[in-house]
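Protein chains: 2
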Amino acid sequence: MSGTLYGVGLGPGDPELLTMKAHRLISGAGVLAYPALAGGESLARSIASEFIPNTAREIVMDVPMTVERAPAQAAYDKGAAAIAAELQKGEDVVCLCEGDPFFYGSFMYLFARLATDYQVEIVPGVTSMTACAGAIGMPLAARNEVLTVIPGPLAAAEMEERIVSSDSVVIMKVGRHLGKIRAILERLGLLERASYVERATLGNERRMPLADAPAPAPYFSMILVTKGADPWL
Amino acid sequence: MSGTLYGVGLGPGDPELLTMKAHRLISGAGVLAYPALAGGESLARSIASEFIPNTAREIVMDVPMTVERAPAQAAYDKGAAAIAAELQKGEDVVCLCEGDPFFYGSFMYLFARLATDYQVEIVPGVTSMTACAGAIGMPLAARNEVLTVIPGPLAAAEMEERIVSSDSVVIMKVGRHLGKIRAILERLGLLERASYVERATLGNERRMPLADAPAPAPYFSMILVTKGADPWL
Numbered sequence: 001m002s003g004t005l006y007g008v009g010l011g012p013g014d015p016e017l018l019t020m021k022a023h024r025l026i027s028g029a030g031v032l033a034y035p036a037l038a039g040g041e042s043l044a045r046s047i048a049s050e051f052i053p054n055t056a057r058e059i060v061m062d063v064p065m066t067v068e069r070a071p072a073q074a075a076y077d078k079g080a081a082a083i084a085a086e087l088q089k090g091e092d093v094v095c096l097c098e099g100d101p102f103f104y105g106s107f108m109y110l111f112a113r114l115a116t117d118y119q120v121e122i123v124p125g126v127t128s129m130t131a132c133a134g135a136i137g138m139p140l141a142a143r144n145e146v147l148t149v150i151p152g153p154l155a156a157a158e159m160e161e162r163i164v165s166s167d168s169v170v171i172m173k174v175g176r177h178l179g180k181i182r183a184i185l186e187r188l189g190l191l192e193r194a195s196y197v198e199r200a201t202l203g204n205e206r207r208m209p210l211a212d213a214p215a216p217a218p219y220f221s222m223i224l225v226t227k228g229a230d231p232w233l
Numbered sequence: 001m002s003g004t005l006y007g008v009g010l011g012p013g014d015p016e017l018l019t020m021k022a023h024r025l026i027s028g029a030g031v032l033a034y035p036a037l038a039g040g041e042s043l044a045r046s047i048a049s050e051f052i053p054n055t056a057r058e059i060v061m062d063v064p065m066t067v068e069r070a071p072a073q074a075a076y077d078k079g080a081a082a083i084a085a086e087l088q089k090g091e092d093v094v095c096l097c098e099g100d101p102f103f104y105g106s107f108m109y110l111f112a113r114l115a116t117d118y119q120v121e122i123v124p125g126v127t128s129m130t131a132c133a134g135a136i137g138m139p140l141a142a143r144n145e146v147l148t149v150i151p152g153p154l155a156a157a158e159m160e161e162r163i164v165s166s167d168s169v170v171i172m173k174v175g176r177h178l179g180k181i182r183a184i185l186e187r188l189g190l191l192e193r194a195s196y197v198e199r200a201t202l203g204n205e206r207r208m209p210l211a212d213a214p215a216p217a218p219y220f221s222m223i224l225v226t227k228g229a230d231p232w233l
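Chain order of the listed sequences is E and X.
Numbering (the UniProt record's numbering) for the first sequence: 1 to 233.
Numbering (the UniProt record's numbering) for the second sequence: 1 to 233.
One-sided and incomplete, this derived list gives chain X residues near chain E with beta-carbon spacing under 10 Å: (1) Gly9; (2) Thr19; (3) Tyr109; (4) Phe111; (5) Thr127; (6) Cys132; (7) Ala141; (8) Thr148; (9) Pro151; (10) Ala200.
Hint data in this document are derived by calculation from the structure and do not stem from the laboratory.
Ideal placement from N, C-alpha and C gives every residue a C-beta, glycine not left out.
Start from the sequences, fold in the hints, and give me the full structure.
Structure below.
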């Protein structure tokens with residue numbers, strides 16, 4: 001009988017924001033898998049590190065951060081094959097996922113490769129989106145408000161249109177797009193309603209009005225915009 | 001010195017999806033607060049019940065589910081006053097919040113009343129949104145896709161426009177709006193791309209293609225729509 005692949009959300013960075021289920025699965029794991037920047041660190045592993053048993057075998061997927069997709073896809077092909085080999089032996093595999101596995105996460109690449117042939121269970125995690133809202137003390141959405149989540153690389157014209165038509169906006173993966181986004185919000189008169197957060201819940205978290213945020217931003221940074229005046233009262 | 005108010009996300013329903021931080025705060029709490037349907041159950045308390053100390057004092061906010069907002073706001077006024085009295089005595093208060101406190105959650109009503117005068121810390125939780133995506137095995141959003149979160153009560157015309165212009169759509173609080181939503185998705189040719197989930201991660205979770213979902217739906221139900229064909233490969 002084949003093992004089960006667990007896609008386990010780790011939350012935004014503070015290890016105490018792991019769920020109890022994630023903690024149980026990781027601390028009991030025989031085989032772990034996680035992505036790492038090619039030749040570098042794995043943020044996922046670092047979040048979970050204090051809970052990883054010494055005895056666990058680890059499948060590291062070195063994912064190159066290139067614009068072309070083929071090299072990253074090859075890394076997931078290789079990782080999926082290594083995971084499949086363990087599952088076929090009847091071993092369960094716990095895959096470590098930053099945030100939530102299905103919210104802009106790379107676990108979907110493994111899921112697409114393995115879910116047809118193997119049992120896959122998703123353990124949802126706290127997203128950086130709500131962690132950022134908590135860090136700056138800004139409710140994301142209330143009542144019948146529409147919330148739009150926009151990736152930072154989106155083209156400026158489309159981004160502007162999305163921001164105009166939403167009550168609340170979360171812009172993820174800000175990174176080198178900070179200047180573009182700030183210019184859009186300034187043009188729309190929304191700069192004072194925009195907050196900036198980087199590395200939420202990690203030791204080096206920073207948060208400030210977007211107007212004060214220095215470029216360039218790290219990849220793990222986010223901008224939140226609310227347009228209503230105290231909509232939650 | 002005043003105590004701290006903790007707004008603690010409990011996740012979607014499975015007690016094991018509490019974060020370790022939520023577990024620590026609840027199991028060590030001297031004073032708890034939570035909303036309940038007037039004269040009825042508190043879902044928040046039921047999620048956390050196995051971790052609540054016998055010695056904890058409990059502030060119950062009976063929130064009437066009426067269309068007018070004044071009765072609910074009066075309940076939060078009264079709850080906020082009771083919480084403030086504890087904080088003034090130097091007691092910390094742990095407020096139990098379904099899902100995440102700042103993602104369509106009622107904690108924002110307490111936050112608006114208390115955050116100016118008291119220390120408030122938000123502990124983010126797993127949202128029902130990502131829990132539902134995990135339950136049905138559907139990644140919510142990938143790469144540069146735009147994700148739109150729409151409350152079910154939104155007017156049909158606006159809802160249709162939002163669905164048309166998004167890559168991925170989550171419709172929350174479906175409840176008695178199921179028929180309206182299904183008709184819109186059918187008209188747009190998106191019915192086969194829509195999934196329905198109710199009470200995700202609870203013992204009585206149900207999930208199915210939206211086409212099969214029986215009306216009326218409970219309040220805690222959700223519809224997920226993805227438009228891309230395997231966008232995550």
